[in-house]
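Make a model of the complete structure from these sequences and hints.
Listed in order, the protein sequences are those of chains A and B. Numbering that gives the first Met the number 0 applies: residue 0 is where the first sequence begins, and numbers increase by one. Numbering that gives the first Met the number 0 applies: residue 0 is where the second sequence begins, and numbers increase by one.
No wet-lab data here; the hints were simulated from the structure. Where is the CB? At the ideal position from N, CA and C, for every residue including glycine. Honestly, I wouldn't trust all of these hints.
[Unchecked claim] Computed far set for chain B versus chain A, every beta-carbon distance over 10 angstroms:
#1 Cys21
#2 Val134
#3 Tyr364
[Said to hold, decoys possible] Subject to a maximum C-alpha distance of 20 angstroms in a straight line, what follows is the list of computed DMTMM-like cross-link-like pairs (lysine to aspartate or glutamate):
#4 Lys341(B) - Glu124(A)
#5 Lys343(B) - Asp9(A)
#6 Lys6(A) - Asp352(B)
#7 Lys51(A) - Glu344(B)
#8 Lys341(B) - Glu10(A)
#9 Lys212(B) - Asp192(B)
#10 Lys248(B) - Glu40(A)
#11 Lys6(A) - Glu344(B)
#12 Lys343(B) - Glu47(A)
#13 Lys51(A) - Asp352(B)
#14 Lys341(B) - Glu40(A)
#15 Lys62(B) - Asp16(B)
#16 Lys343(B) - Glu40(A)
#17 Lys341(B) - Asp9(A)
#18 Lys131(B) - Glu171(B)
#19 Lys183(B) - Asp88(B)
#20 Lys188(B) - Asp242(B)
#21 Lys212(B) - Glu123(A)
#22 Lys60(A) - Glu74(A)
#23 Lys131(B) - Asp88(B)
#24 Lys51(A) - Glu386(B)
#25 Lys35(B) - Glu15(B)
#26 Lys51(A) - Glu311(B)
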Amino acid sequence: MIVTTQKPLDEVIGFISPYSNILIAGCDGCTQPPRGIKEAETLSQLLELGGKPGNKNWKFKTITVAKQCDSYLAESVVRPEMEGVDAVLSLACGIGVQTLAGLFPGLQVFPAQNTHFMGSESREEGFLEDMCSGCGECRLAITGGICPVTRCTKGLLNGACGGSKNGKCELSPERDCGWVLIYEQLKRLGKLDNLKAFTPPRDFQQTGWRITT
Amino acid sequence: MSETVTQEVVAVKQNEDYCSSCSICSTLCPYEALKKDPETGKIFLEIEKCQVCGLCYATCPAKAIDTIYYDVDSLTGYLEKAKQQYDSDTLVIMCKGSAPDFTGVDDMFGVSKFVPLSVPCLGRIPEEVLLKAVVMGMSRIYALACDEDFCRFQKGSAVTERRILALNLLLEEFGYGKEVIVLKHNSLKVKADTDLCIACANCVFYCPYDAAKLEGRGVVSFDLELCRGCGLCVAMCPALALDLENWEKERISTLVSQISSRARQPNILVFRCQWAAFPSLDAEELAPNIGLVDLPCASRIDIAHVLQAFQEGIDGVLVAACAEDDCKQEKASGRAEHSIAKLKERLGQIGLDGRLRFCTVTPRYPEQFGRELEQFNQEIKGIASKEVEK
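Below is the structure:
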């Protein structure tokens with residue numbers, strides 16, 4: 000899933016200050032928890048309360064889109080709601096915000112969220128963790144299902160650096176060394192030989208800007 | 000710490016002078032708060048474990064247990080007064096855990112005019128009170144207990160069933176006719192609007208009872224046999240697809256609006272778990288600026304309702320829950336605390352965090368809720384006077 004967090008409310012209030020009819024568009028897609036219709040309503044409530052001292056006369060309309068990053072879907076849901084709207088506040092990740100901005104070129108589409116990474120959620124422990132960098136050359140098959148590009152802080156492809164200490168990364172004692180995780184996993188799988196193969200440098204052309212469907 | 004506990008008024012007391020150490024209470028107590036001392040053979044009460052279900056009070060043959068809530072005198076006193084007020088000889092006694100609204104009573108028992116009595120668990124009603132009601136002229140008594148596996152006090156529902164069975168036989172023998180007391184069971188559970196479900200599995204994760212299922216590529220389904228009606232899933236659903244019977248979003252929202260429309264300074268709204276503090280039998284004695292909305296469990300607290308209250312001009316919102324160890328659900332009150340903390344953080348960004356507070360209270364110490372409330376009242380008054388200065 001795409002991991003996002005709410006922007007500070009004063010920042011959002013700053014975005015929408017000059018406008019009066021604001022559409023808040025939720026997204027039921029892949030963020031966790033989904034910022035759907037309930038979050039759209041919660042945000043409108045918080046903004047109304049936050050705007051009160053300055054006597055802001057905002058009118059909010061709240062909707063949600065199954066997937067804001069799908070321009071066809073987003074258009075079919077959002078366009079019919081656009082009458083009289085002078086700014087859009089999107090609860091989607093950066094992709095959804097850009098999709099809406101592309102659909103309505105004459106309008107300001109503001110992000111209500113900061114987008115962090117593609118990650119997975121540990122619900123029991125209550126955290127979300129960066130898992131994938133979208134490098135376009137997935138090597139999880141040889142690294143035992145642990146991504147070196149993402150989970151090694153330095154994105155090293157051929158083993159740990161000298162900064163690995165007691166399984167932790169030199170950049171943060173809270174962060175596991177990705178390469179120690181890979182080593183332990185390959186040991187469990189009896190595939191330590193995988194480490195002997197040389198991996199050439201990452202091909203940044205693989206993170207190209209457009210793929211034909 | 001121990002000093003404050005000893006000085007605290009407690010809801011249940013054991014009178015050793017009357018106790019014959021018969022062990023009925025210790026066998027019944029669902030929480031092992033009443034135990035027999037293996038050496039002396041005497042019964043002792045560990046108040047910290049007591050959940051104030053009242054089973055011991057209602058069953059003790061020696062009247063050696065005293066309780067502050069719903070004792071025989073206050074119950075019979077209420078019945079005498081209420082019989083006049085409602086002008087009816089039909090009594091409907093309901094457990095708060097599964098009591099429907101007034102129209103629901105009509106659907107369930109086919110009565111529209113009745114004397115209502117709503118208590119936290121029917122297990123706390125002594126036989127004596129029911130007999131007195133009959134003598135008072137109540138010709139029909141309807142009792143609504145929770146389904147046995149829905150009982151918040153584990154054994155309350157089962158004990159009620161046996162008690163009523165025995166009482167009916169006794170009343171029949173005395174010539175009052177068959178089945179004077181009609182017992183029914185109920186429980187209030189989740190309702191899902193699958194058209195709105197976005198299959199995010201939040202409910203599946205949060206449900207403490209594994210009642211929510213998301214299998215294959217479908218939408219959520221609930222195993223209602225497993226649902227215990229805490230309402231946590233409803234509060235956590237990002238798609239507004241869930242609701243809880245009798246605790247619908249709409250209904251709570253209407254109650255909030257009623258309270259916020261009162262001209263009171265400061266206007267304070269309390270969301271309270273109905274098991275965290277027990278009201279007195281008649282209208283609860285609250286200061287006129289306090290409005291109360293009971294919840295089936297603190298985990299039903301919906302941030303939408305808290306924000307609605309602030310939007311409608313409420314000055315302060317207090318959420319009163321059970322401590323996690325006292326929670327009648329699976330530690331669901333901890334989830335409520337977390338939700339409120341998160342909301343407070345967001346309210347802090349717009350300078351309103353001081354207006355929301357979460358506290359835990361227990362009916363074990365009857366004065367605790369009032370104290371928390373007064374403290375919060377003062378806090379809000381302080382905030383209000385500072386704003387006037389500005």
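Results of checking the hints against the structure:
A cut-off of 10 angstroms between C-beta atoms confirms that Cys21(B) is not in contact with chain A; the least separation is 46 angstroms. For Val134(B), the requirement that its beta carbon stay farther than 10 angstroms from each beta carbon of chain A is met, with the minimum near 53 angstroms. Taking the minimum C-beta to C-beta distance to chain A, about 32 angstroms, the non-interface status of Tyr364(B) holds against the 10 angstroms cut. The suggested pairing of Lys341(B) with Glu124(A) holds, with an alpha-carbon distance near 16 angstroms, which does not exceed 20 angstroms.
For the given pair, Lys343(B) sits about 15 angstroms from Asp9(A) by alpha-carbon distance, which is consistent with the 20 angstroms threshold. Taking the CA atoms of Lys6(A) and Asp352(B), the gap is about 17 angstroms. The hint holds against a cut of 20 angstroms. The straight-line distance between the Cα atoms of Lys51(A) and Glu344(B) is roughly 18 angstroms, inside the 20 angstroms bound, and the hint therefore holds. As the CA atoms of Lys341(B) and Glu10(A) are separated by approximately 18 angstroms, the hinted pair is consistent with the 20 angstroms bound.
Between the alpha carbons of Lys212(B) and Asp192(B) the distance comes to roughly 14 angstroms, so the proposed pair stays at or under 20 angstroms and holds. Of the supplied pair hints, the one linking Lys248(B) and Glu40(A) holds, its CA atoms being roughly 14 angstroms apart against a limit of 20 angstroms. Distance check on the hinted pair: Lys6(A) and Glu344(B) sit about 12 angstroms apart at the alpha-carbon level, within 20 angstroms; holds. Proposed proximity of Lys343(B) and Glu47(A) is supported: the alpha carbons are some 16 angstroms apart, at most 20 angstroms.
For the given pair, Lys51(A) sits about 15 angstroms from Asp352(B) by alpha-carbon distance, which is consistent with the 20 angstroms threshold. Between Lys341(B) and Glu40(A) the CA atoms are separated by roughly 16 angstroms; this keeps the pair inside 20 angstroms, and the hint holds. With a C-alpha separation of about 10 angstroms, the suggested pairing of Lys62(B) with Asp16(B) holds against the 20 angstroms cut-off. Proximity of Lys343(B) to Glu40(A) is assessed by CA-CA distance (about 17 angstroms); at most 20 angstroms being required, the pair is judged to hold.
Pair hint Lys341(B) plus Asp9(A) holds up; C-alpha atoms about 17 angstroms apart against a cutoff of 20 angstroms. With a C-alpha separation of about 15 angstroms, the suggested pair Lys131(B) and Glu171(B) falls inside the 20 angstroms cut-off, and the hint holds. At most 20 angstroms may separate the alpha-carbon atoms for a hinted pair to count; Lys183(B) and Asp88(B) meet this at roughly 19 angstroms. Between Lys188(B) and Asp242(B) the alpha-carbon distance is near 9 angstroms, which keeps this suggested pair within the 20 angstroms criterion.
Between Lys212(B) and Glu123(A), the direct Cα distance comes to roughly 18 angstroms. Compliance with the 20 angstroms bound is thereby established for this hinted pair. A hinted pair counts as satisfied when its Cα atoms are at most 20 angstroms apart, and Lys60(A) with Glu74(A) qualifies at roughly 16 angstroms. Restraint check: the Cα-Cα separation between Lys131(B) and Asp88(B) comes to about 13 angstroms, which is no more than 20 angstroms; the hinted pair holds. Between Lys51(A) and Glu386(B), the direct Cα distance comes to roughly 14 angstroms. Compliance with the 20 angstroms bound is thereby established for this hinted pair.
A hinted pair counts as satisfied when its Cα atoms are at most 20 angstroms apart, and Lys35(B) with Glu15(B) qualifies at roughly 13 angstroms. For the hint pairing Lys51(A) with Glu311(B), the CA-to-CA distance comes to about 12 angstroms; that is within 20 angstroms, so the pair holds.
Taken one by one, the earlier hints all hold for this structure without exception.
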